[in-house]
Each structure stands twice: as C-alpha cells, then as structure tokens.
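Chains A, B, C and D, in that order, are what the protein sequence lines are. Using my numbering, the first residue of the first sequence is number 5, and each one after it goes up by one. Using my numbering, the first residue of the second sequence is number 5, and each one after it goes up by one. Using my numbering, the first residue of the third sequence is number 5, and each one after it goes up by one. Using my numbering, the first residue of the fourth sequence is number 5, and each one after it goes up by one.
There are no misleading hints in this set.
Pairs count within a copy or across copies, as identical chains cannot be separated in the list.
Straight line, CA to CA, 35 angstroms or less: simulated DSBU-like cross-link-like pairs of lysine-lysine:
(1) K256 with K159
(2) K168 with K102
(3) K30 with K332
(4) K255 with K159
(5) K102 with K332
(6) K332 with K416
(7) K115 with K102
(8) K102 with K190
(9) K30 with K115
(10) K416 with K115
(11) K332 with K190
(12) K353 with K330
FYI, nobody ran anything at the bench for these hints, they're computed from the structure.
Protein chains: 4
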Amino acid sequence: MQEFYEEKADALHEECGVFGIFSPEKERIAPIVYHGLYALQHRGQESCGMVINHDGLFSSHKNLGLVGEVFTPEVMQALPEGQIGVGHVRYATTGDAKIANCQPLEINHRKGHLALAHNGNLSNAYALRDRLELGGAIFHTTSDTEIIAYMITQKRLRFPSIEKAALAAMQELEGAYSLILMSPTKMLALRDPHGFRPLCYGRLPSGAWVASSESCALDAVGATFIRELLPGELVVFSSAGIQSCREYCAKKAETFCSFEYIYFARPDSHLFGLSVHDVRRQAGILLHERHPVDADLVIGAPDSGLDAALGFAEASGIPYRIGLIKNKYIGRTFIEPGQDHRSDQVRIKLNPIRSVIAGKRIVLVDDSIVRGTTSRQLIRLLREAGAKEIHMRISSPPFISPCYYGTDIDSKEHLIATGRSLQEMAAYIEADSLGFLDPEDLQTMLVRAGRGSDHTCAREDAALSACPGLCRACFTEDYPTSIPAGTRKNRFENPLDSI
Amino acid sequence: MQEFYEEKADALHEECGVFGIFSPEKERIAPIVYHGLYALQHRGQESCGMVINHDGLFSSHKNLGLVGEVFTPEVMQALPEGQIGVGHVRYATTGDAKIANCQPLEINHRKGHLALAHNGNLSNAYALRDRLELGGAIFHTTSDTEIIAYMITQKRLRFPSIEKAALAAMQELEGAYSLILMSPTKMLALRDPHGFRPLCYGRLPSGAWVASSESCALDAVGATFIRELLPGELVVFSSAGIQSCREYCAKKAETFCSFEYIYFARPDSHLFGLSVHDVRRQAGILLHERHPVDADLVIGAPDSGLDAALGFAEASGIPYRIGLIKNKYIGRTFIEPGQDHRSDQVRIKLNPIRSVIAGKRIVLVDDSIVRGTTSRQLIRLLREAGAKEIHMRISSPPFISPCYYGTDIDSKEHLIATGRSLQEMAAYIEADSLGFLDPEDLQTMLVRAGRGSDHTCAREDAALSACPGLCRACFTEDYPTSIPAGTRKNRFENPLDSI
Amino acid sequence: MQEFYEEKADALHEECGVFGIFSPEKERIAPIVYHGLYALQHRGQESCGMVINHDGLFSSHKNLGLVGEVFTPEVMQALPEGQIGVGHVRYATTGDAKIANCQPLEINHRKGHLALAHNGNLSNAYALRDRLELGGAIFHTTSDTEIIAYMITQKRLRFPSIEKAALAAMQELEGAYSLILMSPTKMLALRDPHGFRPLCYGRLPSGAWVASSESCALDAVGATFIRELLPGELVVFSSAGIQSCREYCAKKAETFCSFEYIYFARPDSHLFGLSVHDVRRQAGILLHERHPVDADLVIGAPDSGLDAALGFAEASGIPYRIGLIKNKYIGRTFIEPGQDHRSDQVRIKLNPIRSVIAGKRIVLVDDSIVRGTTSRQLIRLLREAGAKEIHMRISSPPFISPCYYGTDIDSKEHLIATGRSLQEMAAYIEADSLGFLDPEDLQTMLVRAGRGSDHTCAREDAALSACPGLCRACFTEDYPTSIPAGTRKNRFENPLDSI
Amino acid sequence: MQEFYEEKADALHEECGVFGIFSPEKERIAPIVYHGLYALQHRGQESCGMVINHDGLFSSHKNLGLVGEVFTPEVMQALPEGQIGVGHVRYATTGDAKIANCQPLEINHRKGHLALAHNGNLSNAYALRDRLELGGAIFHTTSDTEIIAYMITQKRLRFPSIEKAALAAMQELEGAYSLILMSPTKMLALRDPHGFRPLCYGRLPSGAWVASSESCALDAVGATFIRELLPGELVVFSSAGIQSCREYCAKKAETFCSFEYIYFARPDSHLFGLSVHDVRRQAGILLHERHPVDADLVIGAPDSGLDAALGFAEASGIPYRIGLIKNKYIGRTFIEPGQDHRSDQVRIKLNPIRSVIAGKRIVLVDDSIVRGTTSRQLIRLLREAGAKEIHMRISSPPFISPCYYGTDIDSKEHLIATGRSLQEMAAYIEADSLGFLDPEDLQTMLVRAGRGSDHTCAREDAALSACPGLCRACFTEDYPTSIPAGTRKNRFENPLDSI
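Chain A with its partners taken away, still in its complex shape (with noise of 0.2 angstroms):
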C-alpha cells in the first residue's frame, strides 16, 4: 500500500523549537518571545515565527530565515502588546522550505482563533490523516501540525474547554509532540506520554509564565526555570493560575530521544535534571574507557564534539588542546558562490592550527557519522596539517536505523555504518583508529551524569527512576512505537490517474 504523496514523506523529518509566554498584564512580549527563539535558534535556522494575543487577536510574523533575519526592527514595532505569545524556530528539507509551512500554525474555526508551535512527529500521521481527508478535511500544509489542529478543533466541539478537546485528542496521537498551544485566553504545554521531545516552564520576575523546548532559552529572557513537563503532562496557564492535567502520564515506556543529549541540545540546557554538558564529558569519559588510545593530544570537532573531547581528555590524562578553529560567520547563509571553483567546504569551515597539529598524535572527538565524508575530509585536513595520527572517536553508536520522531537522518544507503566493518569505516574516512560508543552507554553517560547531580527538577515524582529512559531507535532499530508501513512512498503509483 503506498501511502503519501513523495512531498510529505520528506517533510516529517524536522527539528524544531518552540517558546510561549503567558503574561498577567498585556505587556510587549513580543520582544520576549524574540529573545526566546533566539536562544533556541540551534533547533531550526530554516524559518521562524511567533503569533501575539491582543485581548484575543492575534497578531503573526513567519518568514523563511534567521529569528535575527526575519524580525527586522519594523516587524518588532508592528507587533502589539498582548498577554500570549507563542513562537516557533524550524528546520525542514529544503523542498519543504515554503512560507505555507513556517510556524506557529494559525487556524481559525468555530470556537476561535488558534496558534500552535510543535516539535516532533506523529508516527500515526498517515493514519490520522487518511481518516480525516475522507471526514472532508482539506490541508494546506504538508506537515502533520495541521493533524494536531484538525484532532484538536473537532473535540472541541463537543468539549467544553480547549484544554478537555486537546486532551482527547491525545488519546489518538502518537508519536513525539512537544507543543505549545495558544487560544484566545489561555496557552497550553503539552508533551507526548513517552517524553520524545523536551518541553519546560519557568517564571518571569513580572510573573509571567514561559514554556520552552530547552532551559537555555528560559535563562536568555531572565526567567527562573521550575520544572520540565513529565511525559504525558498537560500544563495549561491561564488568568486562573497554572493546572496540571497528569492522566496520561505514566501510561507509555518513557522514551526520550538520546540524540537531544548528544547533538540538538545546547550544552547549556538541562534536560530531565541532567546538565546537557555533563552529559557529554561523560560520554567522553565513557568512549576513553571503550577505546583508549595513546596519544599526544586531544582535540574536539567545533563546536559540537568540544564538551566530550574534554571528558576524554581528563579520563585519559592526554592533554586537550584547540587544534580546529571554525569560522564563526558560516551559518545557514553560506552558499557557494560559484560553480567554477570546486572548494572544499570543510576547508572553509575549519581551520587547523598548524602549530598545535604538526608532528602529534590526535585524538578527533566528535559527536556522530551520518555519511562520513566530512570526517574524512577533516582528517584530511589535519594530515595536511602535518598530524602524525588520527584516532576518531564518535560519543554515540552508529546510525543504522531512520527516525519517526522528528529527527532528518538521511536515508539508510548513504549511512557510513550500512554494510561496513568498524574497521572498514575507519579505512573510509581514513582515520587511524575509530571507536563508537555502545546504545547501552547512552544510558550509563545519563546515571554518571545524575550522580551528584541536581537532578531531580523533572524527576519529582518518586514513580520515575533516577535517569530517564532513552530512545535509541536510530542506533538499535528497536522502536517505541509502531511505526508506519510504506512511508517515503508516493500514494498513487501515477498522480496523474488519480482525478
């Protein structure tokens, strides 16, 4: 059976980041909500938005680009006051890349305006959306937000309130949603009952409330963080205080996506009590002790393998050193400019210092592989430089298996770990030696972590283990949920033949 149409498929592997804030007084939030995708700017540079509550309308700015690039100082004075806001940074491929799919979806319907951010992905999509096409829904997306809305705005009306209308449409969503959801006079955070997704709160001085994907973005505007949503939870901020709807929570294997530990997540975020950065030195402590090597020095890919660099270098006593500079200015506007001179994008990227590499054995530590040719380039690069050695080391297992649950990871046949040896990568990317982590450090990297740790904001509840349990689909094949038959597929064999 071949389900979708070949637009869609791609477009349910994103990253996003989301941020609202609920404020007693109408008050300029817009700056606020700025402030806060900015923060969060790391979980989606493709396109940007947020949508402002004036005493119930709602004003909105989404544009393709930067948070820094698309809320222009004019569009920052256009906005009103309100007391509601909500935003949303994201991240698609690049057919996708259209103003129809930017965030937060706005929608309006019999009860009213709604405005909804989301991070993750329905692994029921097809499903849901093949029932409501021939309930007579039309979509205007491609993207499964559109789902949520449509399952929310139906119970609504035969709910009394919009917080018992987007619980039972939870009854029916699966998969990894982390969302936040704006109505005419309240907002809702609500996270899916296996935790894919990270989602907190925290607290203004002026009182307001905040909701974000990570910590870090409640520490840019200056809030207190108070506690990350359990799996499951409802939290919905209104005039009337703060309410915790907890009736799906505990009812799924809590699953949270490893790789938010090891790559998304700035180091600066704590996700369920754990500090991200302590996290990642001790998978850098971990890979020493799964592949030590004698060296001379250690260095991290920038920016991302710098914190378990670290960890490796203090595990091992090799010194760590800053042997790669990386350009500051390439972001997602770096385009390359002619077709004439073949360059070498790694080149541009990163820079080895000549002095810090000739002669030395390296250790290269970096965060994963997906297709290897970077790191191949890379070692490349510091062989050029005059290293003597290069001994790679990945704080993760090898990719082996797609994502359902919001993360791009390219297609099975173009990952360096299908169908090669550990030796054979190695060989590949032209590494002296190469060593992965194991799936089951991932969870040994969280309970070093949460030693002496404060980590208990997230775990309150004395039901939940010490650590959260991981999601390691991509690394082990081994699913959380059921996941869809024939996605990546086009519905109709010639779509021409079908109207």
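Chains B, C and D: place on chain A using the hints.
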C-alpha cells in the same frame, strides 16, 4: 445573532482577477501567466500569485505586491515548465493584507492537489462556513475561497471526477464566483449562475487554452478570444479537449455587475460582447442627454473619466480637452512620506493645465463619487487654475447601498448620497452643478453600445436577450440574492468568553 | 586622437531632474523634496537621491530605483529636519547604472561640504577633465557633474564665497547645465548661458524657496511659481534673502532644447512661459497643415502623442478618439520574464480598442520616431484590430544627429531617417502615409502657443524676443557650441598598455 | 588649531581586512575572493566589497553587510571572469557606515582605473589632506584611503609606472597601511615601513598569486602560504612574475600591532611566523606566572579568551573547563528588538553551565577589558550560576591611550583603567581578584611562542631579530610615530561661518 469575526467581514469585500492556461504540451507557461496577470493588474494591486503544474506536482509563488514586483527574474526562473498554470491578482482591505490570503489557494486532499483562483464573494458564506465548522473544518484564511475549496473536496469524496464534484458544489454556493481551478490533470473554469463577474477563454497559436477574467489579458498574451462563459457554465480543459457543462445555465436571472462596465474593467476589454470603451462613451452621451449644460470645454478625470468625457463632448458639441495631467508614477507604492507635511493627495496625483482651464466653463466627467472629498479637492484645484465654472457629471448613479458580490463600497454613513439631495451634494463638492445617470440608464447604455456591435459571442444562445441583465444593487438596494444577516459584526460579544 | 573610456562616453547621454528647497526655519523638508522628485520622475527613472542640510551637516540617501521605491517610510524617517535640501532623479544607460553615479553628488573640500544636482551635459567635458587630471585630480564617477564640482571647489580656494566661485567656474564650463548646488549655508541655482535645460523657482506659503527643473513640481508641493531662471543666471538663496547674478545673461544665443517641448517635459509644466500642452497642441495643428489627410478618426499614441492628436483633430475636424489603452502598471519594473515566450513588447504595453478601430481610416499621432520598430509594431497591432488605413503623423522633425547636451539619442546608423526618404520610412513602418514637422515649424508652434498666452515670466527682460531661441541640432546638425572631437571612443587603443 | 570635521575624526578608527588575487589566466576569480573575504570576516563585519578586473575593465560590488549577505548568488553570477581581483571587509563606527565609504576604493585618473583596499590609518592624514585640498582636491569619502589614492595618482603623472608612483608616495605616507592595489594590468601589495598591520601572500595550485591580511584566508582558498611582506616592502604581481621592492625596508623601527596577536587575528593565522594560538597560549602561561591563584577550574570567555585560558590551565595545573556557552547565532544582525524589555545583552550572548560553575572557585580568562561593564555583567552571571569565587585574568595590559593606527579604542574617560588602581578595577567589575599582563610581557610571550616554532618565513632577512618589534602605544602611550594634533575636533568653530 452575531455571526463573524471582524476581520472576516472586512475580507469579504474585494475585487480580483484570475487567469489560467492549459497547454497540450509541457512548456514554459509561467511567462504567459505573468503577462496575463500583468494585463489584469487593474483588478487587484495588493497581492498576486501563480501555481504551475508539472506532471501533477504544483510549484507556486505568491506575495504582496504588484506582478512586476513579486515575479522577479529570479522567481520566474525558479518556476518549472508545466502543462497547466493558474494565476491571481487581488485587492483587499489593509487589515487583511496577509500572505496567507494570497491566491491561488492551494490545498491537498484525499484525491490530490487543488489550486483555486477566485473572483467574487459568496452571499451565503456565513451559513456555509458555520456548517463546515460544525462538521470539523478548520480555516487558515479569512477568504471565502477556502469555503469553496471545502465544498468541492467534500463532494469529490462522493463524486467520480473533479468536474462532477464542482458541479455538485455549485448547487450550494450562492453569490458571485468566477473561478479557475486546477487539479493534477485538468483546468476548470466556472461562473456562477447569475454571472456577476466576467470570465472568458481563448486559444493561443500553440493550441493552448487560456481563461481570463477579461479579454484584455487574452490580447496581451497573443491569444484569440473565443467567447465568454455563460452564467452558470463550467468548462473543463483536459487532454481530452474542452467540454462545457451547462446544467446551471439560465437557471437564475442574469445579473452582471454594472460597475464592471462603469469602472472595474479595462476599456479595451469586451464584456458580454460589448466594448467597455463603447459602453462608457454611451454613458457620456446619456449623461449629456440627462444633464446638458452650457460650457466651453469637457475634460475627463484621468483615467476612468476619459471615455465618458469623450462621449459627452461628442453629444454636446462642446470641445473635448486634456485639462488634467496624472502623475503616471503614482501607484500602489505611493506612501505619504511624512506626517509633518499635510500634503494634498489630489495635488500629488493630478495637476491642471492652467492654459487650458483658466477662464473657462468646464464640464468635468468622472465615473463615480464615493465620499466626495476627492471630487471637492479636484474642483478646488481647477478653481485655483482659473476655472470660471465647474459642472461635474458622473457616468453612474449615486451609491446608496453595500455590495455583497465582491466590490468594496464604503460604509453607508460615509457615502456622499446618504442623506443629501443632488443640490446638497453639488454644494458639498463645491461644483456649480452636478449630474448622475439614473439606474435605468445603465441598461440603456448597453443597448446603445450593442447596436451595430459584434456582441454575439456570449449571446450565442438565442434564448438570451440581446444585452446582459445587470446587478444594480449598490445603486438601488435591490439585491438579486438573499443577503447575509449580521455581517460586519463580531461573532462573539466578547471573544475572550468563547473558549 | 582617441579621447575617453568607453563607459564615460556612454554616460554623457542622460536626462535628469533637479529640485531644491531653502527654508528660513529648520523643518521637515525631506517630504517636500520627496514630492518634488515624484513630480519630476518622468525626467529620470533609474536612480534618485536627496541630501538634507541640518545646520551644516549633510545627511543623504541615494539609490537605484524610482522615488517611491528608494524613499521608503523607514528611509524618510531617518532623514533629519533641515533648512536646505536638494534632490535629483536620473536616467542613464544600463552600463552606467551604478550607485556611485547617483546624484546629488556630495563632496568634501577645504571650505566644507558641497552637494550638486545637475541636469545637462558639458560639451567641453573632455578638455576640462584632461586639464584636471593633469593637475592631479582623481575621479570617482564617470559623470561630468564631478568636473563641475572640481571647477567650483578649485575656484573656491581663490574666491571669497561659493557664489563667486560658481560664477568664476561658469566662465569655463561649456554646454548644458541646469544646476542646484548646496553649501553648508546657501542654495545656488544656476543655468548655462544657452539655457539648454529648464530651471525655475517659486515659494511655499511657509516662506521657503523651492527651485525645480519644471514648474509641475512647484505645483505638486503647493508652491507659487515665481519665474524661470534666465539663461546664464545664478540665483543665491540664503538667510539674507535671494540674489540674482546675471553677468553671463544674454552673452550667448539662447538655444533651449526643443525636445523638452516635444517630449521630455510634462504637459502641465510651463517652459519660457509657454504651456507645454499648448505647444504640443499647436504642433498637432501644424502637422495637419503640413500633412492633411482624409480619415475617419484621430488617435494619439499614449501618453506622449495625445496632446498633438487633439490639436490635429481640432484643426482637421476629424473626430478625436481613444483607440489605444496603455497598461498603466508597465513601468521601469517591467522585465521580460522569460526567453521562451518571445512576447511582443508593444502588445504588452498597448492594446487597441477594436470597436473604435475596426473598419476605420486612422490618423495615428506620436511625438517622434527613433528606430521605427516600435511604430511598425503599433501599426501592425492596429491593422490586426481591423484598421482600414493608418496615417502616421509625427509632431517633430526626423532625428538625424546626436545630442551633446543631455539627450540620449540612438546612434546615427540606427535612426530611421538615416538613408531613407519619407516614402521609404513610411514603407518601413508599414504606414499608409507618414508626415513629420519641419525644423522651422518648431519655432512656429512656440509663436502660436505664445499668442494670447501669459508667457511673460521668463521674458521679463525686454531685450529678449517673445519666444525662446531653440536648439534643433538633433534635427539639423547645426550645433550651438563647438562639439567634442572623438567622443564615444576609447582613450587608449589598448587600456592594458597604459599603466 | 582645529583640524577636521567631526565625522572624519571618527572614521579614522577602524579595523579592516584585505584580499587580492592575480591569475595568469582569465578565470572565475570572484568565488576565490569571496572565500578569502569570508575567512577575513572577523576583521570587519560592517561592509565589504570586491572589484574584478577583466582585461582592464573593472566590475565591482560593495555594500553594507556581511560577505554572505552582500554577495548573494545573483551578485556573484553577475561578476565577470577576470585576471585580477581585490576585496575588502571593513568595520567602522556607526555614523560612518555609508555605502560611499565601502572599499575597495575605485577611482579613474589620467592613467586608467585604480582600485585600493586598505587596512590601517595614516598618522599624517590631516596634513596630507590639507595639502591636497589646497591643491584643489575634492574628497568623496571621509576615509584616508582616498588620500593614498591621491598621493599615488599624483605621483603617477611624473613616474613611469604604478609601482614607481606607489614607492614615491610611500615616502610621504606616515602611519599604518597594509594595502592591496589593482591597476588595469597589475596587483601591488605594500606594507608600511613600521609593519603595523599584517600582510602576506601565497600561491594557488593553478599558479595564481593571492595576497591577504592573514594567512587563514590563504588556507581557506587552498593556497600555499609563501611569506609575509617585510615592513616597508612593495610586491608587484604582473604577467612578468613577481617583483619585490625593498627600498623602504628596515628604514624604520618595526612596530607590529600587539593587539593583532591579542585579539584581532584569527588563532589559526600566523603573524611574523608565529602561530597566533601559540602566542595566546603563552599569554595564558605568563598570566599564571604573574598572577597565580588557588582555584578549582579555569574557563575562558568565548571565543577570544579560550586560547589563553588553556595556557593558564596548563601552567597552573587547574583543570580547564567549558563553563560558558555562546549563542552562535549572535552576530552583526543582533538588534535589541524593543525598548520595553531592558534585556541584559550579556545574558543573550553567553549562558553559564550551572553544573560546571556551581560551588566552584573560577579563574575567568579574557583577552582585554575596555569599559568593564561587560566583564561585570559576566561575573554577575557566573555568581548567579553559583560560582564561589571569580578571579579574572586578562591576557593583555590595561588600555590607557588611543590608537592612531587603525584600532578603535574607546575614549580615555571611559576606559576602566583611567583613574583606577588594580584593586579599584577588580571592585568595579565585582571580581574577587584581577590580573593583567605587563607591557613587557608582550615581547616575552612572542619569544616563548617562537622557541621551537617554524617562524622563519618573515624573518628570512638575517638582519632582523627573531621576533617582531611591537607597537604597544595603547598600553604605554609611547607612540612609534609623531601623532596628529587636534584630532577629534571640528575644523571650524562654526561650520556655518565658513562658506
């Protein structure tokens, strides 16, 4: 009973232009749509868009701005070849100038993609939207085009083809709609049974079919005009050729918008077989018959008063002169650049030729008066230039009532005719005399323009009278359909109570 | 002897508009300059700029684009209040469309800032530039305005005031220059002794003085027209009032550009006291006298042929009709969007009204013919619309020679009149007959337009004849100044050998 | 005596980067200049530009913005192939951020085109400009690059080649200039005899020569580093090969800017044969020797304090940790979006890792302190995150005096060191202790970094000592050249009196 959001009510009042092409071969059709929209630009200067269909895959670009601004060379180059294309130009009130409302509307549903370009307004939009929302529909836009999209796609679930679905939907749609619709394999053009808004089609030398709001766009792309659609007709353009469905034809009284003849359409277009220029010239002749005056020269207010001024001059024997020069760079982009300099907008746009005007008794012909403030400024400008007498002649009756079929007429309390006698109106605009056409004259000007004209194209069905029936509701309050109750009201007394 | 860089030679051919204001009080003058430039937009659509003087500090904005595009609300808001402001609109050939060449030109020198807005071209630019370069001057632009700036600032080192310096510079400048110049404390308006290009001034109700290329811009800002500058006059506007320096007046033969009357100026402007519209109407009357024809109706090519067409109709008794509709959105922004669709540019811009044209013998009046290809396309368009005969009448003589004073006339080999008899020209454009004015008619049309006119403003000096002397060099090859040798040539055979 | 316009004085303080290429064959060199400028972006983020020389014709693009913003794919595509190209990145104070001041400066003169890219500031700019203005020169910009252009072109009138002219001009130029100059056929790189600013060259595999401010840009384009220019050297790149003119070498004391080592240059660049990273690491080691402290961990202020922090950690044995995370999207585009939310800028840019910081005694290493307010905010942030003690260590001496050679140092009254003892400074920034390097340490850190280094490239001349002589004027008030009197003053008491 209060029905709708404020912004929704405002959005109902708009004027638009539609254009489509169906080519037997895949080719560069985007430039053809571009030229068609350029020729229809006068029907909507706020936003524009086009969707190109390449083997069932839709590529689109829409934005606020004029055709020449939105479709830059880079944008045009990025649009693919295709067999079918549809485009739209749109005018809307300021508050509604959102990218989300730009057309063509694109949706995905059970049976594939659909793109719709719509001109007109449904008079039963509120009732239909209510019904759809109660059935679980959500709305992204505030335009009634989305309602039509829902109606058609819901029918499509039960009917075997898009044309059958569209015909079934027409059963329930009331009001004005001239629509071009694109499915993965077909282009549909349809016109409501009243025939409120124009729609015609023709053929390119290449064999491609083109449909357009006005015939001037067929001329612009080098197409041969074939005929206008009959009121109630649906024409299907497909690889099987063209097919006309007339089951709704002649089911309702034909009420073509008289203001299309008076102002909207380009003078070089033909509507119901009549040259718009000829009709306006006849309006000028009639105006002389109704309100003759002794004067030295006749001038028209550029550009919309020129055709009727020529007719008035011809009938009266008073010389036609060029007395006002319009700054041809004043367009949508003119923004009053500073609050300090309270400039006279009319003075910026129009400048009298003193040597023509000074010492003369002037007949000034314009197409219509809304509030009267612009006419007064214009008359003052002519007096400053030395005019001895100014006799204003208007080639339409006074507005007295709102339009529910796609024309944005000012609210009743602002209309110059509200509560004023003809003499009071003349005094208000500071004219020496003032004359309007009578509502009955509208039919007369068509009959006269039709004499000796080759106006058989749309009149091919002998059952139809020689001239189109006209909608004159804005001049008479005599509406051809039932009109919606409670428009321009908020649905909720207090929107914050609702959810 | 080869004289100049290729791009410099090309840049000599341009047409521009200048505008300035001197206010006794500091106020928001930027919007006044904006409106003035808007009214002069027809004199240059490629770039524009303004400089505002706030207590001797200059703030400026210049860019490629129309006034309404370049001066966005943000830009306007950023411009400060001031006492003096000067603005410029510019046309130049494509290769020269650089921001560096945008005017007003701003320079810093020994005695302070200077801003210059210039319309015209020096005929001794090459000689002056040579001399300056040998004295060590460097040039940033390719325009001769920079030469004027050098001349004035070098004189300023030896003369006690900017006006004395400017007068001293005028001694050496040859050719066409209507110039507005702003120093930290004064505004100067000056016009070359031949009076090639127009320049006038007036006064606002606030007491501020405004100077402008054409009187239509005075009307647009609500200023009272005072008078045109005399050829050779320099007027100083300062806090001490206004002062006229006439030592160069009547030193040279007055040779006002006849093409200003024929095409450049707006019909609502007055030049040498004559209404441009009146002059064009007289051209139409003369055209009928020279080349009468038996026909059914007279139409003008919009917009520049309309005034003369009305005159032709009036003189001949043949009815004047509107037969061609111009797409009023076609402007500088029209870019042919694709190479695949070889569209007919004339068809995009103009559309005949078939009901007016069909079966008729047409007199088609236009202001001039350059290459003849556009006229031929237009005539074909009218034939397609059913015209029985087309008699083309041109309200100027044929071009035979280049202009060295600011008009960009096509090179000789492309001019339709080069090597063709009148009949051959008619055949080339496919007209049934063709008629031009004679060069002598240019003076006649002024004399006739002047009869009964209030054209005393610039003629206040009794020593001047009733009508301006005209430059007709482009029609006669009889140049009023010596003309530069070797223009349009590279200075160096091989530029790579030179340095 | 008051010397200069206010804006001119402000403009003297800037830092820039230059890049050039000379290719034996015509090729697509614009992408190479693009990549070179991208690697030099840290030297100037305000504007950038490049000029491409195609057979003696210059094509250029310059604008405000980052390289990736200014050089869009469209702009890159429009730039032609060429043999020679020169590029520039620039920083300047806000008031001066004009397009007119963007470099490379392009001028036309007697002998052809010239393009100049300049890094540095002349210390005798005022005197030279006075002399030039008295000779009739006019200035378009407020930068001293235009002075250099005048000097060279005036010499060119008397000297037979551009290189002879440049050498003659060098006789009169005082202060800092690292310059790349392009004539129709040659590229010149020259460096002032003091060697204030860096300049080096290398070669591409294609045989093309590239010159650059820093070696990191040679790495980025894949060029092999050859050597740095000697202070006072001029290198000519032409079709005849390369030629070194050393008549000004060793004529003046070498005074290389010490702040290039401390802050400006990228750590992966080599200056005078020394790795910038190594020098900074030695600064950290020296800092430990001068100001040891008992602490738990060492952290660097990202990014400029990281290298020295690593050195401090290494020397002290105190563990190096990552304690502050920088938002990597904060760039030039970050604009405080609203006045209502008085956000803490430091909080937006940097976030402490609480789990690392809490309860710890921290050594915080940064490169320099200007006003001290940022340091204070940073220290408060660390205290909020739970730091027990904070010991600030600065890898440079305190600023006490302005720079006249191209560095924009705050005015004396704002510098933290003005009128404060070390302890008062520590109290001001709220640190538990504070330590700076001594001015003498600057030479020591170079000597140490040089030991065992391959730093022979620029030291090839045996007459030169092993390490560069340094300019330390901003730390010592001991200026290597005479310094201009009366800078930062208006030339005229009242500019309105002057003209």
